[in-house]
Amino acid sequence: MLELRRWWERYSLRVGLSALAIATAWSVRQLSGAPVLEAYRWISQPFQPGVSQPDILDSAAYLEMQKRLVELESQNRQLQEMLGYAAAQSIEGITAPIIGRSADQWWQQVTLGRGSNDGIHQNDIVTGTGGLVGRVSDVTANTSRVLLISDPASQIGVTISRSRSTGFLRGQAENTAVMVLFDKSPDIRPGDVVTTSTFSQVLPAGIPVGTVTEIDFNADPSPEATVQMSAPISALEWVIVYPNSKDPDDFLEGN
Amino acid sequence: MLKIEHLDPQVRRWLDWVVTTGSVLACLVLLWLRLPGMELLGVSPNWMLIWVVCWSIKRSMLQGAIAGVCLGLIQDGLTYPSPTHAISLAIAGVLTARLQKQKYIQEDFISIALIAFGMAVVVETIMAIQFSILFLTNQSPKTYLFLSDTWLYHQQVALSSAILSSLWAPVLYFPLNLWWERIRGIDESQL
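Protein sequence lines correspond, in order, to chains A and B. First residue of the first sequence? That's 1 in the working numbering, and the numbers climb one at a time after it. First residue of the second sequence? That's 1 in the working numbering, and the numbers climb one at a time after it.
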């Protein structure tokens, strides 16, 4: 008993400190790092990208393209109305700066400097200049974490715009992904544009993803195509977040 | 100027804790950053591992394991908790402490770089094993890399992470070691 007491007197501080450290680490894990993320956003605030990138985005070429798009969209809507389709509502996106990259080598994520205070929700769609970037996986008050489409855990249903061949896209941890086609002899060739498909359970259809660069018709069990992402994810500083109409129950299981 | 030798032992202990936790927070911030020269094939240094190596090198195996578990749990919170990072970092902490470097080598810089290199390979290999186990037992996340892809990616990650971690390890080790040595020296002289 006396020895136990002596041991306790000697080591109580260390035991207490170790317990405190583990408890703190555990709570950070349970809160998905929310306090750390908020603190990080606060520290990195002075270094966040300024107005230069939006200026570039607002450049003449961009505006011209946008005007053409608006024109085409309205034409499309008129045609759809003629055919009796319900008119799709256009939704305003939230512009968010990228303030951090993945916190380890195995997960392809980015951290955004906008959160639930700005109206971002889990599972929202994140697009950058060029196309789809990923989906929001966690949200804190002022930050949100995005699982990129280049992450192997992110699988989405995609389609070839030209031929409507469908398949699913699996990230390859870089700026490329592999599209696994459902069809045995698909109509596909290099240069084809890949967009999200109507079969996707997690994303609305028609968001541009990338272009086909290579096709392996002999892959087992079904043909595979290498897809180059159209959004240069590693070079992006700003992204636009859109609300997602589809809502799987669990984030990763929903793939 | 105020010298830490003249501080009250209680205050000095608090200061030590502040410096230690502060260095962990600094590493957390560095995890998200990609500064020029910090990236190789899209992979950045494993700052959590570097901190665990710096901490464990002159401490006991238990202390190394606890530090590894703590930082691993924090990293889980920052990425995705399955598979956990705690196991790999705890093993890295135990192995680093087990080396008992100070008994054999007095020199610091190159040996710390070598240890960080080796531990980075160990950590990434354990992560790859964990991913493989998750894949084979078909657990969440259901659709991570296929087995062959995991090990192909592992080669790339392990090598880049090892090179970068070993190059950046002395940057963290030098100031932290200086501080801990100083505190230890004062504590021993005042006993």
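Warning: the hint list may mix true and false statements.
As the list claims (entries may be wrong) - Derived contacts from chain B toward chain A, CB cut-off under 7 Å, selection only:
id	residue
1	Leu31
2	Arg34
3	Leu35
4	Pro36
5	Ile74
6	Asp76
7	Leu78
8	Thr79
9	Tyr80
10	Leu114
11	Phe117
Stated by the list, open to error - Okay, the calculated bits of chain B under chain A, using three or more residues with CB under 8 Å as the criterion:
id	region
12	59-73
13	87-96
14	172-183
Hints listed in this document are in silico derivations from the structure and should not be mistaken for laboratory results. Just so it is clear, CB atoms sit at the ideal spot from N, CA and C, and this is done for glycine as well.
Against the structure, the hints:
no.: 1; hint: Leu31; in the structure: holds (4 Å)
no.: 2; hint: Arg34; in the structure: holds (5 Å)
no.: 3; hint: Leu35; in the structure: violated (11 Å)
no.: 4; hint: Pro36; in the structure: violated (13 Å)
no.: 5; hint: Ile74; in the structure: holds (5 Å)
no.: 6; hint: Asp76; in the structure: holds (5 Å)
no.: 7; hint: Leu78; in the structure: holds (4 Å)
no.: 8; hint: Thr79; in the structure: holds (5 Å)
no.: 9; hint: Tyr80; in the structure: holds (6 Å)
no.: 10; hint: Leu114; in the structure: violated (20 Å)
no.: 11; hint: Phe117; in the structure: violated (15 Å)
no.: 12; hint: 59-73; in the structure: holds (count 7)
no.: 13; hint: 87-96; in the structure: violated (count 0)
no.: 14; hint: 172-183; in the structure: violated (count 0)
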